[in-house]
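J.: Sequence:
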Amino acid sequence: MKRVLGISLAIALVILTIVGIYIAYFWFLYSGFSTEAEVNNSFIGVRAGTFGDAFGTLNALFSGLAFTGVMITVLLQRKDLRDGQAESVRQQVESQFYNMLRLQQEVVNGFDLQKTHYQTVSNQSVQIVTQGRDCFKSWAKIMEREYSKATSTTQENKIREAYRELWDKHRGDLSLYFRSLYSLFRFLSESNHINKKWLGNVARSLLSDYELVVLFYNCLMPNGQRFQKYATEFSVFDNLDIVLLLNPKDVLLIPKEAYGKNQEILSIFG
1 MKRVLGISLA
11 IALVILTIVG
21 IYIAYFWFLY
31 SGFSTEAEVN
41 NSFIGVRAGT
51 FGDAFGTLNA
61 LFSGLAFTGV
71 MITVLLQRKD
81 LRDGQAESVR
91 QQVESQFYNM
101 LRLQQEVVNG
111 FDLQKTHYQT
121 VSNQSVQIVT
131 QGRDCFKSWA
141 KIMEREYSKA
151 TSTTQENKIR
161 EAYRELWDKH
171 RGDLSLYFRS
181 LYSLFRFLSE
191 SNHINKKWLG
201 NVARSLLSDY
211 ELVVLFYNCL
221 MPNGQRFQKY
231 ATEFSVFDNL
241 DIVLLLNPKD
251 VLLIPKEAYG
261 KNQEILSIFG
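The opening position of the sequence shown corresponds to residue 1 in the working numbering, with each subsequent residue numbered one higher.
What the hints contain is simulated information worked out from the structure, not anything from laboratory work.
With a straight-line cut-off of 27 Å between C-alpha atoms, the simulated DSS-like cross-links for lysine-lysine are:
#1 158 - 249
#2 229 - 261
#3 169 - 149
#4 261 - 196
#5 149 - 115
#6 249 - 229
#7 137 - 249
#8 115 - 141
#9 249 - 141
#10 158 - 141
#11 169 - 115
#12 137 - 256
#13 229 - 256
#14 137 - 229
#15 137 - 169
#16 197 - 256
#17 115 - 137
#18 261 - 197
#19 256 - 141
#20 256 - 196
#21 261 - 137
#22 169 - 158
Distance windows between CB atoms, simulated:
#23 223 - 127: 28 to 34 Å
#24 255 - 87: 31 to 37 Å
#25 255 - 168: 27 to 33 Å
#26 88 - 223: 35 to 41 Å
#27 244 - 105: 19 to 25 Å
Built from N, CA and C at the ideal position, the CB exists for glycine as well.
Can you make the complete structure from the sequences, with help from the hints?
T.: Dropping the structure here:
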């Protein structure tokens, strides 16, 4: 809007300047030099007939204004074309983003964990099926169990022990999930969309509590550290619940920008 207003003011200034020059020119022809005298009732400072001939210069004025009008039209058309191209690019980015987001959600919905549980009371085996996002809660519980049994002396190594057990058992599902999510945020980051932060918030809003926990610990692993770049750029862990972590102070292992406006976590950074 400001750019359009600036162009309009510039155009008006040019037209006023041209008209002003011509008005000054004809005023000069009419008035002449103050030191010259009127002769035979002719205009001061102008030979007989010269003032009338000077009106021929109006053709140049109108030609100049016509040319200015053409240039204005060309400039406005170019601006409309640029705006149209920008809008087309924006729509293409959004369309591709939502397609990728849909595919990523299909990956999550396709998770299917099956476990056989033996009931001693009934002396029967029961098949327990966990599907979709509920799988992340099961995976987080696996990490908790393995973390409690870890023998390492440092927190970082205890986390690696716990996560390694989870990765070894469910690598197929987890690798597909992390690759699809990584591709989604990478696409957003490299796009020129004016509201890519907002699109990032859309993707972030679909991450469940336990999904964030598993994703968080994957970011601490060698094969998942590249995602920290996008976690920081889009504040992916803004809704992370530290109660679900293996240790609340684990949040210090990732830059605080990744937590957005999560005051509970930011207070730990001091």
